[in-house]
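Colleague: Kindly generate the complete structure, drawing on both the sequences and the hints.
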Amino acid sequence: MAEYIVAQEGEIPDGDRRLVQVHGREIGVFNLGGKYYALPNICIHQAGPLCTGRISGTLISNTDTNWKLQWGFEGEIVTCPWHALEFNITTGQCLAFPKRRLRSYTVKVEQGQIKLVL
Amino acid sequence: MISINTGDGRTESIRIIDVDVHVHENPKEMAPYCDMPWRKSLEMMEEEPGRYIDIPGFAPSLRLDPPFPGGATARKIFTAAQMREDLDSMGIDIGVLFPDHLLTLALLPNRDYAAAVARAYNAWLIDRWLRDNNGLRGALVAAPQDPVDAARQIERYAREPNIIGVYLPTAAVRPLYGDTWYDPLYQAAQSAGLPVLLHSVSVVHPNFPFNLQDFDTALARHTLAHPFSMIANMVSMITTGVPARFPNLKIAFCEAGISWVPFVMWRLDKEYTEQRRQIPFLEDKPSTYIRRFYYCTQPVEEPDDTHDFVSMLHLFGGEDSVMYASDWPHHDFDHPNKVLQLPLSLEAKRKLMGGNAAKLFNLQD
Ligand code: FES
Chain X
1 MAEYIVAQEG EIPDGDRRLV QVHGREIGVF NLGGKYYALP NICIHQAGPL
51 CTGRISGTLI SNTDTNWKLQ WGFEGEIVTC PWHALEFNIT TGQCLAFPKR
101 RLRSYTVKVE QGQIKLVL
Chain E
1 MISINTGDGR TESIRIIDVD VHVHENPKEM APYCDMPWRK SLEMMEEEPG
51 RYIDIPGFAP SLRLDPPFPG GATARKIFTA AQMREDLDSM GIDIGVLFPD
101 HLLTLALLPN RDYAAAVARA YNAWLIDRWL RDNNGLRGAL VAAPQDPVDA
151 ARQIERYARE PNIIGVYLPT AAVRPLYGDT WYDPLYQAAQ SAGLPVLLHS
201 VSVVHPNFPF NLQDFDTALA RHTLAHPFSM IANMVSMITT GVPARFPNLK
251 IAFCEAGISW VPFVMWRLDK EYTEQRRQIP FLEDKPSTYI RRFYYCTQPV
301 EEPDDTHDFV SMLHLFGGED SVMYASDWPH HDFDHPNKVL QLPLSLEAKR
351 KLMGGNAAKL FNLQD
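Top to bottom, those sequences are chains X and E.
Just so we're aligned: 118 in the working numbering is position 118 of the first sequence, and the numbers increase by one with no gaps anywhere.
Just so we're aligned: 54 in the working numbering is position 54 of the second sequence, and the numbers increase by one with no gaps anywhere.
Check each hint, because a few of them may be wrong.
[To be verified] With the Cβ distance kept under 8 Å, some of the chain E side facing chain X (calculated, not the full set):
no. : residue
1   : Gly71
2   : Ala72
3   : Thr73
4   : Ala74
5   : Phe228
6   : Asp332
7   : Asn337
8   : Lys338
[To be verified] Which residues of chain X face chain E? A few of them, derived with a C-beta cut under 8 Å, are:
no. : residue
9   : Gln46
10  : Ala47
11  : Gly53
12  : Arg54
13  : Ser56
14  : Gly57
15  : Thr58
16  : Leu59
17  : Ile77
18  : Thr79
19  : His83
20  : Ala84
These aren't lab readings, by the way, just hints derived from the structure by calculation.
Given the structure is predicted, the values throughout are model-derived calculations rather than measurements.
Built from N, CA and C at the ideal position, the CB exists for glycine as well.
Modeller: Now the structure itself:
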């Protein structure tokens, strides 16, 4: 395990992300309301740069919503720019395929520094 | 070129011909190439930002779905240099250019205008995209509203070195492409040795792909739009005898994947057994002709077990007729790796990634 400083606090605006290269890997570091998450920038589908996609919420419909469409997960979903597969940034879960989840990396904030743990 | 590992420690390079990529033509830029009075119309059109294949009077579109934040990214390619750079990044050697907006050309009701738009596009494409020898090739647009004019366009540009085919706008085309109305166009294409390429798009319209307003999502409409178009037009072409009347005409079907092909092939063969006398101009069962047509991979089927794709290919001899297409930069494009990763022999990969297209388009280099 090693820690890598990838940004200073305040450098990644809330609701945005930064792409970083660590150990030959391209990783997207996201700031969601002051909490940081990191996902690999390689999509499970056709290897697209998923972390560069739009960040938004998504539509939900299930028994809890009585099968009505509802808007949810505001700001937590990143959409791969290639073919629009959606991923939950906080968990790496692919919304289309329940069995597919991205690995997510641990992010620490210490003394104003954002660090990736690999 | 893409290098692939053959598994025995060697690498082989494969040439990639991409049969379907899209340029973003814009009416104002095309206007100087357009005949009067229609030049006036093109000059007046503004492309509104954010609109995608949706310009009133040019690419009419019935937008039915409410927008939500997020989702797919719309990409557009405005210059040959930008296209070259994108194709290079995917290892694609040759790209065959199709339009964006003129995917809906068949919807324009004014015959004279539709033909003028097609002529303007062809002149603009050759002038702005096909002047350099940079691996970009183009398909002429044929306005189905005026096949005689389309035939004149084919004759005019037949010897243009980077023109390699004729694009038939297929969404909402009427009559369907089997009708003898199109014979002048087919005659010209056959004489010029240029293949015709059917390419559709999602439209909501009473003609094929037809009645898609019955579905309340773009997902459902898009699922059916392309295959409905291709199935309707293939059945039309077979049952009016296009391949019998034009035995040397090469015909390709784009952007519907390939899994619909075995279905139509067997269905037509079944009908043929019983009702052949209605189409006595066919000299053999429909599948014989269907096996001679060409097909684009995109949007490539992605079964859990990729061997299923290979089995499907064998059902209609697709190893010799299926061609890689990316559809770049559209939302449902396929990266070459998706096709290269299929469990096929090296020889079959070469055919799918470029060999079959080279055969269709007579590309030696
Ligand atoms: S590569 Fe990400 S959705 Fe296709």
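Colleague: Evaluate each hint against the coordinates.
Modeller: Hint-by-hint comparison with the structure:
no., hint, verdict
1, Gly71, "holds, 6 Å"
2, Ala72, "holds, 4 Å"
3, Thr73, "holds, 4 Å"
4, Ala74, "violated, 10 Å"
5, Phe228, "violated, 22 Å"
6, Asp332, "holds, 6 Å"
7, Asn337, "holds, 7 Å"
8, Lys338, "holds, 5 Å"
9, Gln46, "holds, 5 Å"
10, Ala47, "holds, 7 Å"
11, Gly53, "holds, 7 Å"
12, Arg54, "holds, 5 Å"
13, Ser56, "holds, 3 Å"
14, Gly57, "holds, 7 Å"
15, Thr58, "holds, 7 Å"
16, Leu59, "holds, 7 Å"
17, Ile77, "holds, 6 Å"
18, Thr79, "holds, 5 Å"
19, His83, "holds, 6 Å"
20, Ala84, "holds, 4 Å"
In this structure, the earlier hints numbered 4 and 5 are contradicted, and the remaining ones agree with it.
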